[in-house]
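Novice: With chain Y held as given, fit chains H and F onto it using these hints.
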Amino acid sequence: MSLQFVVDGLLTGSMIGLGAIGVTLTYSILRFSNFAHGDFMAWGTYATLAVVSAIGATFGKVAPIAPLSFGWPLIVALVVGMAFTALLALLLDKVLFARLRSQGQAIIVVMASFGASMALRSLLEFTFTSRPTYFSRAIQIAMPVGFGIRITPDQIALLLLTAVLVLGVHLLMTRTQTGRSMQALSQNAALARIVGIDVASVVRVTWVIGGALACVAGVMIGILVQIRPFMGFDMLLPMFAAAILGGIGSIPGAVLGGLIIGLAEAGAVQLIGAEWRAAVSFIILMAVLFVRPIGLFGVRER
Amino acid sequence: MSEIVLDVRDLEAGYEPGVPIVRGASITVKKGEIVVVLGPNGAGKSSFIKAIAGLVPITGGSVFLDGKDITAAPAHTMVRLGLAFVPQTENIFPLMSVEDNLKVACGILERREIPARIEEMYAAFPDLVRQRRTAAGNLSGGQRQMLAVARALIVHPKVLVLDEPSAGLSPKFVSTVFEMLAGIRKSGVTILLVEQNAKAALAIGDRAYVLVEGKDRHEGIAAELWNDPVVAELYLGQRPLGAEKTGHAGKGGTA
Amino acid sequence: MDLLGYGAFFLTTALIFSLVTLGLNLQWGLTGLFNVGLAGFVAIGAYTSALLTTPDDAARLGGFGLPILVGWLGAMVVGGIAAALTGMATLRLRSDYLAITTFGVAVVVQLVALNAQKLTGGPFGIGFIPRPFGGLAETPLLFNLSNLAVVSVVTLVAYLALEHLSRSPWGRVLKALREDERAAISLGKSARFYRVQAFAVGGAIMALAGALQAHFTGFIAPDNYLPILTFQVWVMLIVGGSGSNLGAVIGSILVWAIWAGSGTLTSILFPPEQQARAAALQIAAIGVMLCVILLIRPNGLFGDRPRRPRFSKRAKIAAGESSSGS
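For the record, the sequence lines run as chains Y, H and F.
Just so we're aligned, residue 17 is where the first sequence starts under the working numbering, counting upward by one.
Just so we're aligned, residue 109 is where the second sequence starts under the working numbering, counting upward by one.
Just so we're aligned, residue 14 is where the third sequence starts under the working numbering, counting upward by one.
Bound-form chain Y, shown alone (with noise of 0.2 Å):
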């Protein structure tokens, strides 16, 4: 068996973990699974496109930075993408998810979002249609590191961002006030009040934070594969496999959570073939629910 299965593992690994990010912060901050979250990421990732070709229409053919296969247009765009999805997030929550929470019925929420997930992904394929497309067509020239792993210039370029994007958002949680304050919420609502935070402040936190970061994963997805109104939703089972696996709540488990299951997926593919990949978060997401249902790094409920 090759180890080049151990650089798309982690490929895949980061955009899942990415992705479940948001899941986790959603479920614990919200107390709510975002059936939508997936459309996030694809919006983010059209939203994107479409700053890169408004940029090339305006600038004309701008050459890409040195070894990868994009130049700036595709960081401004993707900055503009973060925020994009951001807003989307914030303008789901106040249309449909925050006034369903104040009735109080959790799971009526689970479903809102299942809905606004098929409009938002048909409204997709409506105006991109369904053909899938690309950032760039440029084929890169991967390069051998030994043990038989090859990897390509942009491979390193995103996984050394979501590296720093990981870093970032942990250092936020744990370091600083907005992050206790997140923490705290999901801990104990009524206590937080009482301590003094605005609850739907930190709520919008959790949306931005959620949103950005689903659209780089997106993003990813566009850059390394391809992109099409479903890539989100394909991507829907692996991000709550990956949350569930590392514990609901927990940034570092979401994250090693997705790491494992990319790494579980890319073995597979290998091994057993392409076309039973998505089995693999199923499989794993059982085993967790069955052995240990809190993940690794969860809590009990209380």
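In case anyone wonders, no lab produced these hints; they're calculated from the structure.
Incorrect hints may have been included.
Below, a sample of chain Y positions facing chain F; criterion: calculated Cβ distance under 10 Å [as the list claims (entries may be wrong)]:
no., residue
1, Leu139
2, Pro309
3, Leu312
We put the CB at the ideal spot given by N, CA and C, even for glycine.
Specialist: This is chains H and F only, laid out in the frame that chain Y set:
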């Protein structure tokens, strides 16, 4: 006469419209006092104090803090207004360290002020210092109560409001907690507390109110209330047969 | 005559949908169990019955050429077992876990249908599924009407059985558990067992509906069981009002009418090359509709599920007390 810090007038509150649990209760708390609210089980004591803290919807009456109307203020603005509340149970964040429990409450303080303020709390509650990195969920019952009180005091509240601070503690810790409260009052903080443990609470309290069926039924000097047969009877909930529902001492008996 | 034939065809499909919705109503409306992978259970039923009843095929396992009724029974058994297993894995946890797991079941069933060629025929699916009254296929009207009769009878039986169940002590326990999820989890094994039973029976009904559909069209493929099916049935239940079996049936017919009608409309209004996009717009519109209904009328048209069940009861009691007391 010293100034009134907390003034609650004819408060009506409850979780569901049309079903008030608190039905017209009035109390006042003066600067530097410890005021105790007593009452039989189900008298609405806890709801009363939670309503003041903004946690139970208020449907009538008003709450003034330092002359300012805070009746409609949302719970999360209370610390900024000067009212710090310590709930009866689940009053710490169990998965956060002791230090983070203190830090998370410092949202309204100046950033520069926070480290010094935390050290002041450690000085006042030396038991917590050794545990500063421990997850709060691993503390003993008494230490949790200390952490909860320290967390409330850290923001310099005008009034500290506690819901049954002795509930669920072993007798040894009960006296520790009440000594702690007496000490806090000496440092100049005004305290309002609800208690089941009438004897211990009246021992440190200046004045007390007895709440029955959501209304204040009796008020008096703490030391005198303890010896009042009517209060004992009300408090124990053993009403003599044939006694009128509203027949007891009535509002403002001794004040 | 053509119209009558189409009417029969339309109603047959709508009634098969209402059977799925009845199964979902038992799971969600009565018991409060959230199933977002019901397409998977419908598919399990369809494939099981197809395998059991189709003539022998060298390219895949089976078929076994068994009678149609055996196929239906087999569908219910396998669907019920699959649902029971899903329930056992998740029902001691918060409801979200069940939602995620059922979602996963649908993904995996879809994967098996697509890739396990030896079992399911892969992307091309299974054909030559025996149809009840297949001999009447020469005269479409008679064929459609007789199928409608069969499906109507099955739906009616399921409806009456479910009505009976929900009024029985068993149904009352389920309703009680629905009201308080925490209690239902903490009550331990016996309560959980009730919920697993409800989930299994619901899954069996969905599987039966899948089998009915398979034998009605005579051909099945993985495409029939995409997440959109789950979504359609949820909209049907929500429109009809969760908790009411009658609402489930009426909601299904109504939503299927809207769905089929808007489908026909888009096929008339849009040129062929735009059809796929128009279909996407149709789904988006229905998704928005689901959210709007949840926001403004969460009980649906016939729902018995009060928004805050605790509230009205306690309010009445307390109001009665205070008025007699003063």
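Novice: So which of the earlier hints does this model not fit?
Specialist: Violated: hint 3 alone.
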